[in-house]
Amino acid sequence: MSYEAIGQLIDRWMNDASFRAALRVDAEAAVRQVGIELDPDAQAALKSIDWSLSDADLMSRVSAAGGA
Amino acid sequence: MEQAELRPEAVSVADVLARLQASVAEACVDPAQRRLLQVALSGLNGQFQRSIAELGWVHCVELPLQVHAAVRGDCAPALPLAALCSSIFLGLDIFDDLADGDEPERWRGYSPGQITLAAALTANVLPAWLLARLPVSPERLLLMQRTLADGYLRMAAGQQSDLAMTGSAAPQATEVEASVLGKAGEQFATYAALGAQLAGAEPARVALFASVGRGLGIAGQLASDCFELFEAGFSRDLAAGTRTLPIAWYLQRLDGPAREDFLQLLDNARSDRQAQLKVADVLRAQGALRYTVFIAELHRQRALRALTEAAPREPAGSRLRAMLESVMAGAGGQQREERG
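Respectively, the protein sequence lines represent chains P and V. Residue numbering for the first sequence follows our numbering, beginning at 1 and increasing consecutively. Residue numbering for the second sequence follows our numbering, beginning at 69 and increasing consecutively.
I should point out that these hints are in silico values taken from the structure, not numbers from a laboratory. Please note that the accuracy of each hint is not assured.
So the derived label-pair ranges between C-beta atoms look like this [said to hold, decoys possible]: (1) V:S110 / P:V34: 34 to 42 Å; (2) V:D335 / P:D55: 24 to 32 Å; (3) V:N113 / P:R32: 45 to 53 Å; (4) V:L166 / P:R24: 23 to 31 Å; (5) P:Y3 / V:A86: 24 to 32 Å; (6) P:A5 / V:L166: 36 to 44 Å; (7) V:P325 / P:A56: 38 to 46 Å; (8) P:D26 / V:A86: 28 to 36 Å.
All residues carry an ideal CB built from backbone N, CA and C; glycine is no exception.
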């Protein structure tokens, strides 16, 4: 799994406002444009996550119980 | 009526608990042993109700039932297996409580040795007793025994790794993820694989359903870890010095004084609520929440793909998909589309 690439993605998300904006419009294109290479599983996660959510909104949608 | 038309919901959590109670009554060799196991079982309904309130399902009940229904179209024959899986879950939970020094009130008056005995009986002995009584061929029983033994070993390895990292100054994110895979992922994978094997699925299809369970377990545990760290009133993980993924990911990116400062903050957070809030703020500001949600979503997507490949019968397939959706509750794409 491309952990390093995912770390790069998150770093960019945290530090680059234009990247955040681009990610909200077209996540795959935004990642491709900055040269981050994700494997297919990470690509699927990238497409699935709603990048328009704030941290608080994101957290409110994460289950507390987690099934366990 | 054909099997495919039977409703998987025909077996309830109450049915599973009743089967487990009946098994305890039948299996125990004397009244003292029965009393010990009844105390152990008395906490299970509360845990099930909490899971139902939060997610709408109970993993050790729904996974074997729904996977069986996904293969065969009905879940009723998997009732004893759901009882078996629930017993494993209960035993592992008691072991967890013992490890954390966090025994529930129902154990008042019982020694650690007695509680350990109850954990061993529910995690290992009662499941073996139930497995031996499943109405399946010796060949299939052997396969299921092997799945169970392999699952135990992987779960134990995850727990061992988790314990070894407690309070660690240098946990690696990949090590934490491997520990989550063992503790939660392999537990869920075992329940799903047993359901598929009981239903007579071919090995390749059993492996796919195991992947569904594994992804569900990992994503769920990571989601739960995030909730504990960022939302709960008091983080038991921080208090116990547990190195969950957000912490490990951030720690491995630090060095020098910044690293020492954060380790000191983690140490303070074991007993200081304000320090806990500070840890959460720092991790959120550094992207650790985003990273962990991304990894959880990655495992959830992997499980969804495996579920599609497994070609489940309906309505069990939809139920398993709904379980996978509930873990991230809309952090992913489907909810975004619904919101327009």
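Here is what the structure says about each hint:
{"no.": "1", "hint": "V:S110 / P:V34: 34 to 42 Å", "verdict": "violated, 55 Å"}
{"no.": "2", "hint": "V:D335 / P:D55: 24 to 32 Å", "verdict": "holds, 25 Å"}
{"no.": "3", "hint": "V:N113 / P:R32: 45 to 53 Å", "verdict": "holds, 51 Å"}
{"no.": "4", "hint": "V:L166 / P:R24: 23 to 31 Å", "verdict": "violated, 46 Å"}
{"no.": "5", "hint": "P:Y3 / V:A86: 24 to 32 Å", "verdict": "violated, 45 Å"}
{"no.": "6", "hint": "P:A5 / V:L166: 36 to 44 Å", "verdict": "holds, 40 Å"}
{"no.": "7", "hint": "V:P325 / P:A56: 38 to 46 Å", "verdict": "violated, 30 Å"}
{"no.": "8", "hint": "P:D26 / V:A86: 28 to 36 Å", "verdict": "violated, 53 Å"}
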